[in-house]
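Following the hints, position chain E against chain U.
Chain by chain, the residues run as shown.
Protein chains: 2
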Amino acid sequence: MNSQAEATPLLTPELDQLHAYWRACCYLAAGMIYLRDNPLLREPLRPEHVKRRLLGHWGSSPGLSFIYVHLNRLIRTRNQEMIFLAGPGHGAPGVLAPVYLEGTYSEVYPDKGQDLEGLKRFFKQFSFPGGIGSHCTPELPGSIHEGGELGYSISHAFGAAFDNPELLVAVVVGDGEAETGPLATSWHSNKFLNPIRDGVVLPILHLNGYKINNPTILSRIPNEELACLMRGYGWVPYFVEGEDPTRMHQQMGATLEQVHDQIRAIQQEARTTGKTQRAHWPMIVLRTPKGWTGPSEVDGHKVEGFWRAHQVPLADVHENPEHLRQLEDWLRSYRPDELFDAEGRLIPELKALAPKGQRRMSANPHANGGLLRRALRLPDFRDYAIPVPKPGTTHHFNTKPTGTLLRDVMVKNPTNFRVFGPDENTSNKLDAIYEASKKLWLCDFLPEDADGGELAPDGRVMEMLSEHTLEGWYEGYVLTGRHGFFATYEAFVHIIDSMYNQHAKWLAISREIPWRAPIASLNLLITSTVWRQDHNGFTHQDPGFLDVVINKNPRVTRIYLPPDVNSLLSTVHHCLQSRDDINVIVADKQNHLQYLDVDAAIKHCTKGIGIWEWASNDQGAEPDVVMVGCGDIPTKEALAATALLREHFSDIRIRFINVVDLFKLQPPREHPHGLSDADFDSLFTKDKPIIFNFHGYPWLIHRLAYRRTNHKNLHVRGYKEKGNINTPLELAINNEIDRFSLAIDVIDRVPRLQVAGAHIKEKLRDMQIECRNYAYEHGIDKPEFDQWAWPF
Amino acid sequence: MNSQAEATPLLTPELDQLHAYWRACCYLAAGMIYLRDNPLLREPLRPEHVKRRLLGHWGSSPGLSFIYVHLNRLIRTRNQEMIFLAGPGHGAPGVLAPVYLEGTYSEVYPDKGQDLEGLKRFFKQFSFPGGIGSHCTPELPGSIHEGGELGYSISHAFGAAFDNPELLVAVVVGDGEAETGPLATSWHSNKFLNPIRDGVVLPILHLNGYKINNPTILSRIPNEELACLMRGYGWVPYFVEGEDPTRMHQQMGATLEQVHDQIRAIQQEARTTGKTQRAHWPMIVLRTPKGWTGPSEVDGHKVEGFWRAHQVPLADVHENPEHLRQLEDWLRSYRPDELFDAEGRLIPELKALAPKGQRRMSANPHANGGLLRRALRLPDFRDYAIPVPKPGTTHHFNTKPTGTLLRDVMVKNPTNFRVFGPDENTSNKLDAIYEASKKLWLCDFLPEDADGGELAPDGRVMEMLSEHTLEGWYEGYVLTGRHGFFATYEAFVHIIDSMYNQHAKWLAISREIPWRAPIASLNLLITSTVWRQDHNGFTHQDPGFLDVVINKNPRVTRIYLPPDVNSLLSTVHHCLQSRDDINVIVADKQNHLQYLDVDAAIKHCTKGIGIWEWASNDQGAEPDVVMVGCGDIPTKEALAATALLREHFSDIRIRFINVVDLFKLQPPREHPHGLSDADFDSLFTKDKPIIFNFHGYPWLIHRLAYRRTNHKNLHVRGYKEKGNINTPLELAINNEIDRFSLAIDVIDRVPRLQVAGAHIKEKLRDMQIECRNYAYEHGIDKPEFDQWAWPF
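Protein sequence lines correspond, in order, to chains U and E.
Numbering-wise, the first sequence is residues 8 to 799 according to the numbering used here.
Numbering-wise, the second sequence is residues 8 to 799 according to the numbering used here.
None of these hints come from the bench; they were simulated from the model.
Note that CB positions come from ideal geometry on N, CA and C, so glycine has one too.
Each hint should be verified, as a subset may be incorrect.
[As the list claims (entries may be wrong)] Restricting the straight-line Cα-Cα distance to at most 27 Å, the calculated cross-link-like pairs of lysine-lysine (BS3-like) are:
(1) 789(E) <-> 127(U)
(2) 719(U) <-> 719(E)
(3) 127(E) <-> 309(U)
(4) 407(E) <-> 419(E)
(5) 309(E) <-> 407(U)
(6) 727(E) <-> 719(U)
(7) 719(U) <-> 695(E)
(8) 445(E) <-> 309(U)
(9) 719(E) <-> 729(E)
(10) 127(E) <-> 309(E)
(11) 719(U) <-> 768(U)
(12) 397(U) <-> 445(U)
[As the list claims (entries may be wrong)] Pair ranges (Cβ atoms, derived):
(13) 172(E) <-> 421(U): 55 to 63 Å
(14) 308(U) <-> 232(E): 40 to 48 Å
(15) 387(E) <-> 761(U): 56 to 64 Å
(16) 308(E) <-> 790(U): 26 to 34 Å
(17) 628(E) <-> 777(U): 55 to 63 Å
(18) 525(U) <-> 780(E): 32 to 40 Å
(19) 729(U) <-> 173(E): 37 to 45 Å
(20) 387(U) <-> 308(E): 32 to 40 Å
(21) 55(U) <-> 780(E): 45 to 53 Å
(22) 372(E) <-> 729(U): 26 to 34 Å
Only chain U is shown next, with the shape it has when bound in the complex (with noise of 0.2 Å):
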């Protein structure tokens, strides 16, 4: 344990005014909470001033101050670039009110000017109706991290700290938060961090001690044994514990001088000799009590420094002439008079703590990663395009050629752009990716990873077995301006829908903020999906990661399901060029079927629906079915049955329709993508039976097409949680997917077809046992299936 409680690096008047300008942000704080008016008690408090409903967290809020105002020192007087997260949800109080006092909140919101007026509309708005969000929400310049959902605050901070060199990213850690999944393993983002090439995260775990009514975990054992767990996870902490607040600033200030040198020793050190290596960074574990300077006990109960102090620390403050006394007392404490002059504005002396213009946290480009982000350098897309002479006949493995492709944006973006998977980049086929970069790696080297480990300092491939943390990383890696790509498992993807959700619901936000800049669009590939876990089983079977999506604001929400090589190169293209979305694309990596050459392919994917007249003979006639293929096997087996029903029927007339972009599916009025009801009519008629095979869980097709003109007719097949170890055709006959019984679908839906239907409904009934049998046998699909080429 480093211990620093004899350092005193401040001088008087400087220590004097750094207090001051701490209790400036306290006092703001407290306001923002409690006041409607009198913002600066120019006159005796009276129940009229204090908002009729209490809300706000006060009981982080001072420890966030007290860090910030320290920081602000850092930056200026060691000239240090420094962004800001708050990991702790509630304590955006304590970020406001320096991010207020330092200018950029007014510069922002002109209404919320540096005087009385402001001010006052600045309390009053505060966690109000219409008003100030009590998280760090995106409206509050210098935050990427809203903290409303907890554990993410490491692995944003190590984002962004990735490829930004002279970037110092603070990070505060809730000692709540700390006790999250997601929080306890981002530790070792640590083992992620190239001290040349990238900045340096400096994690501040704030042990306030308690949680909403419960004391944590972190902040009750002891600290020898706490210190060891920050050694174990590779960190060299740094104790910081008090409550004086004279002695407090001296412990902090000289802490944060140590470890910055620290920090940059370590720095000097790799990037002068060139040597990358893991480094044990420097981290600070403060520990204040919560409501820090607050009420210390309110109607004979503990408060300041226990789990009273979390929210509101005096209620009833209208009703009860005592509390309303004691919340006067407590403002005054502060002394604001001494801290803002007669027309409300901080002091000089004050403001000229505060960094200047862009070095401010809060005006941080980084911090705005819009403003910083450079459009990618992408490679002609068709040159990754595989032949595909006749459609329907060649097979090859779909995700393979983005893989190439990626490796090209890499080497293109060598500063901006990194692809981020779970361990299973390789297994997802996208290993070309490899040849521009490796995998990152930090740790210790053996020297068989020479052969095939594809492991280097320098890597740019992020790979870690924690889907929260890569999913934070990339997070915080677009929220600062650059860019990246995502592949994970299908089925595990459902790890992150929180995270989904909570960016989802970020971008909605920060999309409608005139002042935030547009940031890459967030791009996730769900690879190794539901119909072909083979030997990995029911555990790995699960599309519905499609349902948390389509949840969310349909200005940032964008599904694509390209069946094949070229029309998931086509879409990856697209994607990487967007902005402001969240993109999950749908493609298996196995060795598939091959539809549409390369032209074909733009064609398609940038209509996102369409018929593919190749595999349809309606033309010039309205069709007897309409037959869709949405998802690689799904619409294999959408074909298949669409030949089996042509050889068997030489009369029927069937159209066949791939669906690329799934929101086409939607009304325009409830997704931009939407096809108007006219070209939906045009497409899937207005009365023929509709077989729509879908990748996905059924349902979720009538949620989207609920409203369309034909709905009544439109019978969707996709996973209904029937699987098990099964070869694919196995599974998709469980489902009923597969082509025996799609076709049998359509013959029991064209009436036309019944009569001579019967028999060959018995012999598709026999095929399924026979394909069954033979995969039981044989551990294997019957090869003329799994090798099934479109016959016509």
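Quick look at chain E alone, frame taken from chain U:
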């Protein structure tokens, strides 16, 4: 660090036998990956003996078996009751092997007997269509943890150990899995294990070295750092490392004895003194080569001890004679002829090494928890009901009486019922439970905890800020035959989407297995819901968990939205008795309007859906419109809309329906709770407009009801991601679930109202504006709306 390199507790005959038993395990593990015939190599190995498709994971199998045979020794020599959880997802061969050898497998699957024929079938069906899964699936006797998705092994293990004082739960943690967030924080579970009343968890961190293609983090940091990490987590680590079997047997044997001594000493100390305090329990770090004892090199590439050993070390065995020869050499290296008799049975000397009967980890009833499950003793829930003299006129906190009910359930079931929640039980108004039992707390205490801390070392309320850990504990607890209740924030239940999916899959399979006895259902109370986030804002608004729930097998999924206190009590009472399901209950914690007295609530909840006669005025006639409320706040708004309409249109006839059991909406062929079409039609009419006010995302209702006769007239309102800092009514207005929007909807859809309705619509729109303005001015909703009561 602790190491027993020099201890040699095993004497020669025992050592040889133990080693032989392990050789038998390794032989079986390799055999099940490769062989379809010639199971004991009684003839030379030919290509046709080998499966066509080689699936399965060799990598961690030898290590798992190694641990298993050593634990068997401990069970025998110490008479220790024990169960076994295998974290490494794909290592099933290493567990299947000893389970088969100790006879349990053949007992439950007689076709896989202890003879050549049985062995052949066992081999062939492993990871084969229709056969044996390649994880520790529910079909595997002794398993309560499939390990298909990684990260939950430790929390499952703790769940099993709670309230089982004589049980030792051995859990192998894979070093890949150890990188996940849920696993990383679950190490802290040791702070929630009471040495008097609980059993113990012995984690064995298996440093196998590699994930699919990558080294693992924990295997590539110095041992000192790893030991520090484990000590920081509060464990006492013991290292067992090497590859020479003889030395490793001695080390492992000695370490297990020492560790067991230490466990017993901690337990004895606590149990004789009666003093409960946090213990520093031992854990083992086992470092062995990946694919240990397998081919060390193939085609010039290192395999044993490298990532190439992850799956199938020798591929192309059919085509490559050299590989076939290498496979045969490898298999014969275990000398199967010495291990099995002529009939293919393990020789008696080795058979004697396995524990007997229920002492076998694969036959321990704790791992088939339904066998031990005792029905909960439940108080009469009617005693907790509140009086509701007139529907829709009084208010109460909806979850509060359920807290009292749970308190008494806890009193009546002092050793087999626990309540779980992430530090929100007070916030969620369930704090009456603390009258029966405090929050379990074994870390440091402070004097102030006595004033409202509600902490106790023998508390039975489990609170930690990790939804993952809580869910894992809870699953482990019910899987071993106990009961529980988990209350959590709606928006953040998405954090455990994936755990829900996996548990639902487990139940879907396990309930079909005849020898698995039913276990208690998982009860999830989703509270602090979307409509009452007030200052928490947009990040806390997410009712989408239901969309995840609904995708899983209908045999195990249940969703209830009781609208008030008494219907929630009735629902909870039902759920606490149910088996093999996952019950999701949505109910907000705030002060809400009450509708049903207890008799009405029981009747209504038993039906799950029904007309509220007192709120309807269509008696004896067809209604003009069907108004539906589903969820507490949507029901209130729908009722208020009904009242508004009846006030403005004296002759309007409205039928009011409330839905508690969401699956009633689905057809009975889709879900066992589904209403028949006839019943649905008689409730919802065949042609009248339906205004359905739903708690969640509106599309979910269409997905359930799209095949119903009157679907074309079904208009659903729900949450549409339109939120920020809002008052409840303002949020309702933004998402159009408010009374005014609903009334306007009705006017628009009932033709005869449209002329007279035009100016009323204007008025309703003005009301919306007025409500918003009031909220923006006062920060709260107008009391007349907040405290609105049914006027008829």
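Results of checking the hints against the structure:
1. 789(E) <-> 127(U): Given pair residue 789(E), residue 127(U) holds - Cα atoms ~23 Å apart, limit 27 Å.
2. 719(U) <-> 719(E): The given pair, whose Cα atoms are some 10 Å apart, holds under the 27 Å limit.
3. 127(E) <-> 309(U): violated, 70 Å
4. 407(E) <-> 419(E): Holds. Residue 407(E) to residue 419(E) sits at ~19 Å (cutoff 27 Å).
5. 309(E) <-> 407(U): holds, 26 Å
6. 727(E) <-> 719(U): Satisfied, since the Cα-Cα distance of roughly 25 Å is no more than 27 Å.
7. 719(U) <-> 695(E): holds, 18 Å
8. 445(E) <-> 309(U): holds, 20 Å
9. 719(E) <-> 729(E): holds, 25 Å
10. 127(E) <-> 309(E): violated, 30 Å
11. 719(U) <-> 768(U): holds, 24 Å
12. 397(U) <-> 445(U): At roughly 36 Å apart (the allowed maximum being 27 Å), residue 445(U) and residue 397(U) break the hint.
13. 172(E) <-> 421(U): 55 to 63 Å: holds, 59 Å
14. 308(U) <-> 232(E): 40 to 48 Å: This hint holds: roughly 43 Å between Cβ atoms.
15. 387(E) <-> 761(U): 56 to 64 Å: For residue 761(U) against residue 387(E), whose Cβ atoms are near 58 Å apart, the range 56 to 64 Å holds.
16. 308(E) <-> 790(U): 26 to 34 Å: With a Cβ separation near 30 Å, residue 308(E) and residue 790(U) satisfy 26 to 34 Å, so the hint holds.
17. 628(E) <-> 777(U): 55 to 63 Å: Distance hint for residue 628(E), residue 777(U) holds at roughly 59 Å.
18. 525(U) <-> 780(E): 32 to 40 Å: holds, 33 Å
19. 729(U) <-> 173(E): 37 to 45 Å: The hint (37 to 45 Å, Cβ to Cβ) holds, given that residue 729(U) and residue 173(E) are roughly 40 Å apart.
20. 387(U) <-> 308(E): 32 to 40 Å: Holds, since residue 387(U) and residue 308(E) (Cβ atoms, about 36 Å apart) stay within the stated range.
21. 55(U) <-> 780(E): 45 to 53 Å: Distance hint for residue 55(U), residue 780(E) is violated at roughly 19 Å.
22. 372(E) <-> 729(U): 26 to 34 Å: holds, 30 Å
Going down the numbered hints, you'll see the structure goes against 3, 10, 12, 21, while the others check out.
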